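*Asks:* What follows is each chain in one-letter form.
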Amino acid sequence: MTKADIAHQIAQATGLTQTDTAAAVDGFIEAVSMALEQGEHVEIRGFGTFKVVERAARKGRNPRAGTRIDIPPRKAPTFKPSREIRDRINRDRQHPG
Amino acid sequence: MTKADIVRLIAQDSGLTKTDTTAVVDGFIEAVIDALERGEHIEIRGFGTFKVVERAARTGRNPRTGAEVKITSRKAPVFKASRELRGRVENGKKRGDNKNALWPEEKAA
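Protein chains in written order, with the working numbering: chain A, 1 to 97; chain B, 1 to 109.
Think of the hints as simulated: they come from the structure by calculation, not from any bench. Computed from a prediction, not measured in an experiment: that's the story for all the values here. Mixed in with the good hints there might be a few duds.
In silico EDC-like cross-links for lysine to aspartate or glutamate, where the CA-CA straight-line distance does not exceed 16 Å [as the list claims (entries may be wrong)]:
no.	chain 1	residue 1	chain 2	residue 2
1	B	Lys3	A	Asp26
2	B	Lys18	B	Asp5
3	A	Lys75	A	Glu40
4	A	Lys75	B	Glu90
5	B	Lys75	A	Glu84
6	B	Lys75	B	Asp34
7	B	Lys75	A	Asp92
8	A	Lys3	B	Glu30
9	A	Lys51	B	Glu90
10	A	Lys51	A	Glu40
11	B	Lys75	B	Glu54
12	A	Lys3	B	Glu40
Now the in silico label distances, taken between C-beta atoms and shown as ranges [stated by the list, open to error]:
no.	chain 1	residue 1	chain 2	residue 2	range
13	A	Arg64	B	Thr72	37 to 45 Å
14	B	Ala76	A	His8	25 to 33 Å
15	A	Thr2	B	Thr59	33 to 41 Å
16	B	Lys70	A	Val53	25 to 33 Å
17	B	Thr59	A	Arg74	26 to 34 Å
Idealized CB from N, CA, C, for every residue including glycine.
Please work from the sequences and hints to get the whole structure.
*Replies:* This is the structure:
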């Protein structure tokens, strides 16, 4: 499933035009990206939280050459799904929680 | 930042009403969850991919009592950020840096 599929589905459900729907979906993605870029976290109730975490520096290995390399600390965007979505995804299980 | 903040930004920029914008944002989130429930993955170009992975059963421990507990196998939703998003986060812009910003307040800053 892609963004286009989702925009199409939303346009049908809401009666909004494809153009307006696509603009709002793009705006949503851009707003989340921009917040993360600025180091802010984004909390979407019932869905989850996007935030930036610091990854510590570590020693790595170039898998091709086998040489040791220093990997500097970095910031990584992460998503923590809400309990609600974790439960919904496991709904078919006997003991999800 | 919350969904309400995002809706306000999108409505300002697109000229859509907050009601319509909220409907689209809620529809988007619901569509992603629905697809994950069906076990499908969702790829958003330039942002990332949502998918469901299987977590193996394991033995855990109740942190309060120290008692061992069996944790059954389960499915977990995961998000893998695109290379583009990872790059943007790594380079971390401050408000006002981005000349191509989508949001007027960004351009003005």
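*Asks:* Go through the numbered hints given earlier and state which of them the structure violates, listing their numbers in rising order.
*Replies:* No numbers; nothing is violated.
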